[in-house]
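If you're matching positions, the sequence shown starts at -4 in our numbering and goes up one per residue.
Worth flagging that the hints you see were computed from the coordinates, not collected in a lab.
Wrong hints could be hidden among the right ones.
[Unchecked claim] Here are the in silico distance ranges between beta carbons for each label pair:
id, residue 1, residue 2, range
1, Ser150, Glu64, 28 to 34 angstroms
2, Gly74, Val47, 30 to 36 angstroms
3, Leu2, Gly173, 14 to 20 angstroms
4, Asp33, Asp171, 51 to 57 angstroms
5, Asn108, Gln163, 29 to 35 angstroms
Glycine included, C-beta positions come from ideal geometry on N, C-alpha and C.
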Amino acid sequence: MSDGTFLLIISGQIEFLDVMAPANTSYHCKYEFYSGPDWKIIGGLENGLSQVANIINNNDKVVFNFPVEVQFKSTNPFGWPQLVLSVYKEMKLEGYGRVHLPTQPGCHKMEVNLSKPKSGYLLGQLWSFLGYQPELLEPTNLASTTGTNLIRMVSTGKAFMTFNIVTQGFLTLGYDSGPTHNRGE
-4 MSDGTFLLII SGQIEFLDVM APANTSYHCK YEFYSGPDWK IIGGLENGLS
46 QVANIINNND KVVFNFPVEV QFKSTNPFGW PQLVLSVYKE MKLEGYGRVH
96 LPTQPGCHKM EVNLSKPKSG YLLGQLWSFL GYQPELLEPT NLASTTGTNL
146 IRMVSTGKAF MTFNIVTQGF LTLGYDSGPT HNRGE
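Please build the complete structure, drawing on both the sequences and the hints.
Quick look at the structure:
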C-alpha cells in the first residue's frame, strides 16, 4: 500500500471450550477486539455473540465453531490487536480469555486460558454464596496492563481457536514478522 499503511486480515473460528461442563447446561460466548490508537477496523465485526451450545452429557466439549472475521488497517504495529473472550454458562460468567492475534501469516491453532474474578473478603464471599458472580464492566480492560494485576482470578478452563492471518503491505514498510509457518498442523 502506498499510503504508509498495512492491512491485517483475520478469519477463523472459536472452536470449542474445555471446561467442566455439567449435563443440561448451556453456554454462549462473546468476543471483542482491542487494539492500539493507530488501528482501524475496515471490515468485519469488532465484536460478536455466539449461538447457545447445549450440553447433553457431563464433561462434553462445549462446541461453538463460531466464525470470526475482521480486517484492520494501521500505520504501525504498536497496539497489535487482541481478542478478548467472555464465556457464560446459562447467564453467569464462566470466564474471560485474552490473546494477541498472531503476527505471522498462516494458519494458527490457539489455546486461550479462561479465568474469572474471585470474590474477595467476607462480604464478597457471602454474595458469591448467594449466587452473585463478580464481572468486569469493561472486559477489554484485560487487554491493557492498567490495574489488571489487582484483580484476583481463578482458572476455569480453556478456549480453542483457529485463525488464518494474512498481511498486506507489512514487508513493504520494513516490518518483518519472521518466517511464515503453517501453525495449523
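Going through the hints against the structure:
no.: 1; hint: Ser150 <-> Glu64: 28 to 34 angstroms; result: holds, 29 angstroms
no.: 2; hint: Gly74 <-> Val47: 30 to 36 angstroms; result: holds, 33 angstroms
no.: 3; hint: Leu2 <-> Gly173: 14 to 20 angstroms; result: holds, 18 angstroms
no.: 4; hint: Asp33 <-> Asp171: 51 to 57 angstroms; result: violated, 19 angstroms
no.: 5; hint: Asn108 <-> Gln163: 29 to 35 angstroms; result: holds, 31 angstroms
Violated hint: 4 only; the structure is consistent with all others.
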